[in-house]
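Chains as they are written, first to last, in our numbering: chain V, 1 to 111; chain F, 112 to 223.
Worth double-checking, as some hints may not be accurate.
Over 10 Å on every C-beta distance to chain F, these chain V residues come out as not near it, computed from the model [said to hold, decoys possible]:
#1 Leu11
#2 Arg28
#3 Ser32
#4 Ser43
#5 Phe61
#6 Thr62
#7 Pro81
#8 Thr96
#9 Gly97
#10 Gln103
In silico DSS-like links for lysine-lysine, alpha-carbon gap of 30 Å or less [said to hold, decoys possible]:
#11 V:Lys67 to F:Lys135
#12 V:Lys56 to V:Lys2
#13 V:Lys42 to F:Lys179
#14 V:Lys67 to F:Lys179
Honestly, the hints are just simulated from the structure, not real lab data. For every residue, glycine included, the Cβ atom is placed at its ideal position computed from N, Cα and C.
Residues per chain are reported as follows:
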Amino acid sequence: QKEVEQNSGPLSVPEGAIASLNCTYSDRGSQSFFWYRQYSGKSPELIMFIYSNGDKEDGRFTAQLNKASQYVSLLIRDSQPSDSATYLCAVRNGNTGKLIFGQGTTLQVKP
Amino acid sequence: DAGVIQSPRHEVTEMGQEVTLRCKPISGHNSLFWYRQTMMRGLELLIYFNNNVPIDDSGMPEDRFSAKMPNASFSTLKIQPSEPRDSAVYFCASSPQGGGYTFGSGTRLTVV
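Construct all of the structure, not just a fragment, from the sequences and the given hints.
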């Protein structure tokens, strides 16, 4: 089992819709969780982080964390074509402090 | 703040040659990380430093890979000798203690 798992996609949504990106992790000791966006040919860019169970909202983005289910998600409201990118879920290992990345989910927002 | 600075942006080298990748972290960040990204394996952590000290190099694929951080503002990743399977994008990232990582623009390495 991979430490951080994401569906590779592509996830295709129409412009204006809600995009839902999901991630599961295996280490129950994980304490912090991050979402990065990576455009093709570019470096990963941090867009959200969450430490506590529940929801955290920032503009059109909402991160959701459920530690009991070892599940993290990212919702993008009013999706725009400019949101088309690969979204990487990252989990900080509770013992080592290392940030472990999932393979990423490719999101396509169609006009 | 100039962000994490990596050089070179692109490197093409012949198999067997030595390759040195360079990174300048964000000032004040005390952790530095080297990642490798390929289509097949995604982002893989190679090694990371805390306060210039290597903490975990378990991701370094072989003895051909080595990394140093002689001071808080500079790190190198060296591959000697290079092989075609080392072709990838190599990212350096830095972070404050417990914070999110900021990535550099990456070095695209091609070994022919």
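Evaluated hints:
1. In this structure Leu11 of chain V is separated from chain F by more than 10 Å, as the shortest Cβ-Cβ distance comes to about 17 Å.
2. Non-interface status of Arg28 of chain V relative to chain F is upheld: no Cβ of that chain comes within 10 Å, the nearest being about 19 Å off.
3. The claim that Ser32 of chain V is not at the interface with chain F is violated, since a C-beta of that chain comes within 10 Å of its own (minimum 7 Å).
4. For Ser43 of chain V, the condition that its CB be more than 10 Å from all CB atoms of chain F is violated, with the nearest at approximately 4 Å.
5. Taking the minimum C-beta to C-beta distance to chain F, about 14 Å, the non-interface status of Phe61 of chain V holds against the 10 Å cut.
6. The beta carbon of Thr62 of chain V is kept farther than 10 Å from every beta carbon of chain F, the shortest such distance being approximately 17 Å.
7. Taking the minimum C-beta to C-beta distance to chain F, about 23 Å, the non-interface status of Pro81 of chain V holds against the 10 Å cut.
8. The Cβ of Thr96 of chain V sits about 6 Å from the closest Cβ of chain F, inside the 10 Å cut-off, so the non-interface label is violated.
9. For Gly97 of chain V, the non-interface assignment is contradicted: its Cβ lies about 8 Å from the closest Cβ of chain F, within the 10 Å cut-off.
10. At roughly 4 Å from the closest C-beta of chain F, the C-beta of Gln103 of chain V falls inside 10 Å, breaking its exclusion from the interface.
11. In summary, the hint linking Lys67 of chain V to Lys135 of chain F is not supported, as the alpha carbons are separated by about 35 Å, beyond the 30 Å threshold.
12. For the proposed pair Lys56 of chain V and Lys2 of chain V, the alpha carbon gap of about 26 Å is at most 30 Å, so the pair holds.
13. A threshold of 30 Å between alpha carbons decides the hint, and for Lys42 of chain V with Lys179 of chain F the separation of about 25 Å falls inside it, so the pair holds.
14. As the CA atoms of Lys67 of chain V and Lys179 of chain F are separated by approximately 36 Å, the hinted pair breaks the 30 Å bound.
Taken one by one, the earlier hints fail for this structure at numbers 3, 4, 8, 9, 10, 11 and 14, listed in ascending order.
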